[in-house]
Amino acid sequence: MTAIPSPTSSEPDAAVQVRGLVRSFGAVRAVAGLDLALYPGEIYGLVGPDGAGKTTTIRTIAGLLDPDAGTVRVLGLAPDDPRVRESVGLMPQRYSLYGDLSVGENLRFFRRLFCLPRDVAEQRIARLLALTRLAPFIDRRADDLSGGMYKKLALACALLHQPRVLLLDEPTNGVDPVSRRELWTLLGEFVGQGMAVLVSTPTMDEAERCHRVGLLHAGRLIAEGEPSRLVRELDSPVFLVRGGDRDRVQAVVEQAPEVLAASPAGARLKVVLQPGGTDRLAERLAPHGATLVPTRPDFEDLFLARLAAGGTA
Amino acid sequence: MSRRLPDSLVRVGALAAKEALHIRRDPRTLYLGLFLPLIMLLLFGFGVSFDIDHIPLAVADQDRTAESRALLQDFVAAHEFELKGALPDPDRATRIMAAHRATAVLVIPPGYAEALARGDTATVALLLDASDPHSAQQSLARADVMAQVATARVAAASGLLAGGGDGLPLSARTWTRFNPAGRSALYLVPGVTAYVLALVAVLLTSLAVAREWERGSMEQLFATPVGRLEIVVGKLLPYLAMGVVQVLLVMTAGAWVFGLPFRGSLWLLSLASVLFMLGMLGQGLLISVIARNQMVATQASMLSAMLPSMLLSGFMFPIENMPGILQFISHIVPARYYIAILRGVLLKGNGLAELHTELLLLGIFAVVMVAVSTARFKRKLA
Numbered sequence: 005m006t007a008i009p010s011p012t013s014s015e016p017d018a019a020v021q022v023r024g025l026v027r028s029f030g031a032v033r034a035v036a037g038l039d040l041a042l043y044p045g046e047i048y049g050l051v052g053p054d055g056a057g058k059t060t061t062i063r064t065i066a067g068l069l070d071p072d073a074g075t076v077r078v079l080g081l082a083p084d085d086p087r088v089r090e091s092v093g094l095m096p097q098r099y100s101l102y103g104d105l106s107v108g109e110n111l112r113f114f115r116r117l118f119c120l121p122r123d124v125a126e127q128r129i130a131r132l133l134a135l136t137r138l139a140p141f142i143d144r145r146a147d148d149l150s151g152g153m154y155k156k157l158a159l160a161c162a163l164l165h166q167p168r169v170l171l172l173d174e175p176t177n178g179v180d181p182v183s184r185r186e187l188w189t190l191l192g193e194f195v196g197q198g199m200a201v202l203v204s205t206p207t208m209d210e211a212e213r214c215h216r217v218g219l220l221h222a223g224r225l226i227a228e229g230e231p232s233r234l235v236r237e238l239d240s241p242v243f244l245v246r247g248g249d250r251d252r253v254q255a256v257v258e259q260a261p262e263v264l265a266a267s268p269a270g271a272r273l274k275v276v277l278q279p280g281g282t283d284r285l286a287e288r289l290a291p292h293g294a295t296l297v298p299t300r301p302d303f304e305d306l307f308l309a310r311l312a313a314g315g316t317a
Numbered sequence: 159m160s161r162r163l164p165d166s167l168v169r170v171g172a173l174a175a176k177e178a179l180h181i182r183r184d185p186r187t188l189y190l191g192l193f194l195p196l197i198m199l200l201l202f203g204f205g206v207s208f209d210i211d212h213i214p215l216a217v218a219d220q221d222r223t224a225e226s227r228a229l230l231q232d233f234v235a236a237h238e239f240e241l242k243g244a245l246p247d248p249d250r251a252t253r254i255m256a257a258h259r260a261t262a263v264l265v266i267p268p269g270y271a272e273a274l275a276r277g278d279t280a281t282v283a284l285l286l287d288a289s290d291p292h293s294a295q296q297s298l299a300r301a302d303v304m305a306q307v308a309t310a311r312v313a314a315a316s317g318l319l320a321g322g323g324d325g326l327p328l329s330a331r332t333w334t335r336f337n338p339a340g341r342s343a344l345y346l347v348p349g350v351t352a353y354v355l356a357l358v359a360v361l362l363t364s365l366a367v368a369r370e371w372e373r374g375s376m377e378q379l380f381a382t383p384v385g386r387l388e389i390v391v392g393k394l395l396p397y398l399a400m401g402v403v404q405v406l407l408v409m410t411a412g413a414w415v416f417g418l419p420f421r422g423s424l425w426l427l428s429l430a431s432v433l434f435m436l437g438m439l440g441q442g443l444l445i446s447v448i449a450r451n452q453m454v455a456t457q458a459s460m461l462s463a464m465l466p467s468m469l470l471s472g473f474m475f476p477i478e479n480m481p482g483i484l485q486f487i488s489h490i491v492p493a494r495y496y497i498a499i500l501r502g503v504l505l506k507g508n509g510l511a512e513l514h515t516e517l518l519l520l521g522i523f524a525v526v527m528v529a530v531s532t533a534r535f536k537r538k539l540a
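Residue numbers (my numbering), protein chains in the order written: chain A, 5 to 317; chain B, 159 to 540.
Treat each hint with caution, since some may be false.
With a straight-line cut-off of 16 Å between C-alpha atoms, the simulated EDC-like cross-links for lysine to aspartate or glutamate are [what the hints assert, rightly or not]: (1) Lys536/B <-> Asp70/A; (2) Lys538/B <-> Asp290/B; (3) Lys536/B <-> Asp85/A.
One-sided and incomplete, this derived list gives chain A residues near chain B with beta-carbon spacing under 8 Å [as the list claims (entries may be wrong)]: (4) Leu101; (5) Leu105; (6) Phe118; (7) Cys119.
Residues of chain A placed beyond 12 Å of chain B at every Cβ, according to the derived structure [as the list claims (entries may be wrong)]: (8) Ala18; (9) Arg27; (10) Asp84; (11) Gly93; (12) Leu117; (13) Leu149; (14) Glu186; (15) Gly192.
Since the hints were made in silico from the structure, they are not lab data.
Glycine included, every Cβ here is placed at the ideal spot set by N, Cα and C.
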């Protein structure tokens, strides 16, 4: 494999360095000034709703799109440098393997594209098949795999050349919870060996599995940091609404300006409020026989609060 | 494998082998590539014959003399015209032709025999249904020959021809070379070859590349170290191989079934075939790079390759007879030059001396198409 030069001196160990990234498609600004650094041995979660710019960011880092402005450096090099491609693995969001080829044929195709020596690669293939429990399906066509198995195959194909940087675009989209957990366990194992992983996801529970997350909204990062710390530092109070008629309560909550976000929590309603808005909402709810009960915020509350704040800012 | 191949070759090989797997998994491609040429060859060789005989003829004999009956006899004697009926009145001719009961009507006006007896020029009329201009043209040519036969007979009978052939007002002789029997099959095999190659090369390549875009696998492919040129070569190689098999198949079948001769040089034919195919593959690639969609690619292939290769190449209709604008367009249809080379090599035994212009033009087309399509093929998603 080609030697990768040492990363730039300013960021001694960043595997991916994105500065001021802007990319538009026609009139739509998919990414609007994004800064991001990804370090070896960490899983960075790019979290945001559909259309926030996650896929565009990942494709730009993978060298599949050129930025309109800003710089992207992967292992200190331009992302479309051929040397970078040997060290980057990509698992696109869309189905992108060959459906009419079998599991084994897909893996061997990528083994040859990366020009991996056969004996080494076959050992890795055997190991990846064992880890993903795909070994019994080696002759099955990719199109005939379940959603979870397909994603595991795609991950195996992206890991085959032991990349130093792994880019995963919504890897668990359409995957059942069991396979989802398996995928994350698999990722953890490779990250332990120093791989830098950038993973995009729209679901909050997955974001909590990342070392660091960046909340992406309208092509911009609106918050970044460790998920637990971000939640701890959330200054918006979070409450469960107890009592009262559910429909009436909901109507009040929807019209109250101090409510940043409301989401169902079991049979009740969970609300994220502007700092200092607690008393006002309590007064509004009192005539309907409903009270506010404090609750521990989770990552989803953080996200909704930030999104509401980011949307108005 | 003891020695390692250069990385680039490994990757091209991986892509070509994968493409071959796709073809194997979807045998429709293979049917299209291998059986279509044979079916077309047999269809055009046997079914679509441009040799016309038994042209349905009606006659409106207003003279009703022995001479007029003798003239009609001259027309039908060689079975080139077949008498379908007699009309009492020439005004019925149009209706008869509209009803497809005859495509030619011979009108012998009153006074035909008298004019002959006086030694004047006797005039008869032949009305032709030209809704199929090709048939009409052939009918006219046949009728000319019949008229000459009749003239000779009349002249001989009236003693004009006593001193030998000199006195005959008109004597035309045709001498057909290269395809003496005028058999359509020999004329059509080169056309079928070019058409099938154009179809398969452009359509299959454009589909193969468009499928990668459509299925999203291009994204995965671009994220690997594989180069632009390696993708192009790896994609085109299997279809180039298929094209070679097709040429061999059509030539062999043509020789075997229709007795197609091979009078020229094999290497010239091979070179022309490879150049033609490269041009077609490049065109297919260009279509898919622009379309990125199998449906659009199919339609664009039809319009830009299949139709011109059939209609504007001289395959079925002589280019000299086309309107000026179509003749002009036909200059950029590579099938035109390829068919000219095939006919030249196979039927006439032509060599480089006669065919270098066509070969050069094929080469230019191939270089331009491959260069433009490769340049347009970016390793980017947008």
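Now for the hints, and whether the structure bears them out:
Distance hint between lysine 536/B and aspartate 70/A is fulfilled; the C-alpha atoms sit about 11 Å from each other, no more than 16 Å. Pair hint lysine 538/B plus aspartate 290/B does not hold up; C-alpha atoms about 51 Å apart against a cutoff of 16 Å. Between lysine 536/B and aspartate 85/A the CA atoms are separated by roughly 14 Å; this keeps the pair inside 16 Å, and the hint holds. The beta carbon of leucine 101/A is positioned within 8 Å of a beta carbon in chain B (closest approach about 7 Å), and the interface hint is therefore held.
The interface hint given for leucine 105/A is met, as the beta carbon of that residue sits about 6 Å from the closest beta carbon of chain B, less than 8 Å. With a least beta-carbon distance of about 6 Å to chain B, the hint placing phenylalanine 118/A at the interface is held under the 8 Å criterion. At about 4 Å, the closest approach between the beta carbon of cysteine 119/A and any beta carbon in chain B falls short of 8 Å, and the interface hint on this residue holds. Non-interface call for alanine 18/A relative to chain B: holds, since the shortest CB-CB distance, roughly 20 Å, exceeds 12 Å.
For arginine 27/A, the condition that its CB be more than 12 Å from all CB atoms of chain B is violated, with the nearest at approximately 9 Å. At roughly 7 Å from the closest C-beta of chain B, the C-beta of aspartate 84/A falls inside 12 Å, breaking its exclusion from the interface. At roughly 8 Å from the closest C-beta of chain B, the C-beta of glycine 93/A falls inside 12 Å, breaking its exclusion from the interface. Not every CB of chain B is more than 12 Å from the CB of leucine 117/A (nearest about 5 Å), against its label as outside the interface.
At roughly 15 Å from the closest C-beta of chain B, the C-beta of leucine 149/A stays outside 12 Å, upholding its exclusion from the interface. Against the 12 Å criterion, glutamate 186/A stays outside the reach of chain B, whose nearest CB is about 21 Å from its own CB. The beta carbon of glycine 192/A is kept farther than 12 Å from every beta carbon of chain B, the shortest such distance being approximately 23 Å.
In the structure shown, a violation is registered for the earlier hints numbered 2, 9, 10, 11 and 12, in ascending order.
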